[in-house]
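Student: Order-wise, the sequence lines are chains A and B.
Note that my numbering gives residue 103 to position 103 of the first sequence, counting from 1, and the numbers run on in steps of one.
To convert, take the position in the second sequence, counting from 1, and add 1000; that gives my numbering.
Careful, some of the hints might be misleading.
Heads up, simulated SDA-like pairs for lysine to any residue below, C-alpha to C-alpha not over 25 Å straight-line [unchecked claim]:
| # | chain 1 | residue 1 | chain 2 | residue 2 |
| --- | --- | --- | --- | --- |
| 1 | B | K1027 | A | D26 |
| 2 | B | K1071 | B | R1019 |
| 3 | A | K90 | B | G1072 |
| 4 | B | K1086 | A | I151 |
| 5 | A | K152 | B | K1071 |
| 6 | B | K1074 | A | S113 |
| 7 | B | K1086 | A | R128 |
| 8 | B | K1086 | A | D132 |
| 9 | B | K1086 | A | E116 |
| 10 | B | K1027 | A | P71 |
| 11 | B | K1086 | A | L46 |
| 12 | A | K149 | B | N1081 |
| 13 | B | K1027 | A | Q75 |
| 14 | A | K149 | B | K1027 |
| 15 | B | K1074 | A | L112 |
| 16 | B | K1071 | A | G120 |
| 17 | B | K1041 | A | E116 |
| 18 | A | K152 | B | K1086 |
| 19 | B | K1086 | A | L112 |
| 20 | B | K1074 | A | G120 |
Keep in mind that the hints were calculated from the coordinates and are not lab data.
From a predicted model like this one, the values you see are computed outputs, not experimental measurements.
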Amino acid sequence: MEMNGRTDSEFKEEKCLKRLLTLPNDISTIPQLSEFIEGIGEELCLEMSVLMSLNLALEEAVVNVMEYAYPPDVQGDVTIEAIANETQLKFIISDSGTPFDPTKKEAVDTTLSAEERPIGGLGIHLVREIMDSVTYEYKDCKNILSLSKNIK
Amino acid sequence: MIIEIKEHDGGMTAILNGRLDTPAAVKAQQEIGPLLENADKEIIFDCSNLEYISSSGLRLFLTIRKEASVKGGKVIIENINDEIRKVFMMTGFFNLFEIRNA
Chain A
1 MEMNGRTDSE
11 FKEEKCLKRL
21 LTLPNDISTI
31 PQLSEFIEGI
41 GEELCLEMSV
51 LMSLNLALEE
61 AVVNVMEYAY
71 PPDVQGDVTI
81 EAIANETQLK
91 FIISDSGTPF
101 DPTKKEAVDT
111 TLSAEERPIG
121 GLGIHLVREI
131 MDSVTYEYKD
141 CKNILSLSKN
151 IK
Chain B
1001 MIIEIKEHDG
1011 GMTAILNGRL
1021 DTPAAVKAQQ
1031 EIGPLLENAD
1041 KEIIFDCSNL
1051 EYISSSGLRL
1061 FLTIRKEASV
1071 KGGKVIIENI
1081 NDEIRKVFMM
1091 TGFFNLFEIR
1101 NA
């Protein structure tokens, strides 16, 4: 959160939250991500249904990194930074793996029949559906995916 | 996540309990053999106690649905909660399954 140029009183008025979680590229650690999101939800007094949606979006984005960012058998980390103010909750997901922009993935056609529906691609689709903004950049050898949700 | 599979008259019922997140779906993938084998019949997913589902869980449903359409069976999803209902809406899964409240 950018605090430069603000007076102390302005800073105090705004309720802020900042949390950090680093996980290895191992999907068995996903329950730790759920706990992390639940903790944030409690602190921000988010509604249960909003919390569930955020949990889902974050799981999809983080699993995507765990499964594809690093070559098989190579250990790597994924870092999830949560920043909130009164109106917006933002998650910044970063990894040092292969450059990959998930926002470039084609949209899923949800009108197709079961026979025609491809088995993949639903994860990023859910992220897009749930979050209010999804942006990607590659910077300092890192994939950085930012997911924002308006909370008030 | 606990998945319990039993036979019913005319097909198989899979009872899903807990959270079907990615690690749970990877495990469940190894347990759905009996459902795929019986995809020519009626497959019921009892979701009364299913709390959460991610895309990997949805893929499991879709895999069985595809097998059923090849073999001429039918997939019914029962008693999903409101949150899972929302996920089904967002992904268009509502159109792919017979969804009912028992």
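Student: Given the hint that K1041 (chain B) pairs with E116 (chain A), does the C-alpha gap stay at or below 25 Å?
Tutor: 21 Å, holds
Student: Can you confirm whether the C-alpha distance between K149 (chain A) and N1081 (chain B) stays at or below 25 Å?
Tutor: 23 Å, holds
Student: What's the verdict on K1071 (chain B) and R1019 (chain B), does the C-alpha distance respect the 25 Å limit or exceed it?
Tutor: 29 Å, violated
Student: Does the alpha-carbon distance linking K1086 (chain B) and L112 (chain A) stay inside the 25 Å limit?
Tutor: 18 Å, holds
Student: K1086 (chain B) and R128 (chain A) were given as a pair; does the straight-line alpha-carbon distance stay at or below 25 Å?
Tutor: 14 Å, holds
Student: Next pair to validate is K1086 (chain B) with E116 (chain A); report whether the Cα-Cα distance is within 25 Å.
Tutor: Within the cut-off at roughly 22 Å; holds.
Student: For K1074 (chain B) and L112 (chain A), compute the direct alpha-carbon distance and say whether it is at most 25 Å.
Tutor: Holds - the C-alpha atoms of L112 (chain A) and K1074 (chain B) are around 18 Å apart, at most 25 Å.
Student: Mind checking the alpha carbons of K1027 (chain B) and D26 (chain A) for me, to see if they're no more than 25 Å apart?
Tutor: 14 Å, holds
Student: Between the alpha carbons of K152 (chain A) and K1086 (chain B), is the straight-line distance 25 Å or under?
Tutor: Since the Cα atoms of K152 (chain A) and K1086 (chain B) sit roughly 20 Å apart, the hinted pair holds (cutoff 25 Å).
Student: Going straight from one Cα to the other, do K152 (chain A) and K1071 (chain B) come out at no more than 25 Å?
Tutor: 49 Å, violated
Student: Check whether the Cα positions of K1027 (chain B) and Q75 (chain A) lie no farther apart than 25 Å.
Tutor: Holds, at about 22 Å.
Student: Regarding the pair K1027 (chain B) and P71 (chain A), is the alpha-carbon distance no greater than 25 Å?
Tutor: 22 Å, holds
Comparing the model with each numbered hint stated earlier shows that hints 2, 3, 5 and 14 do not hold.
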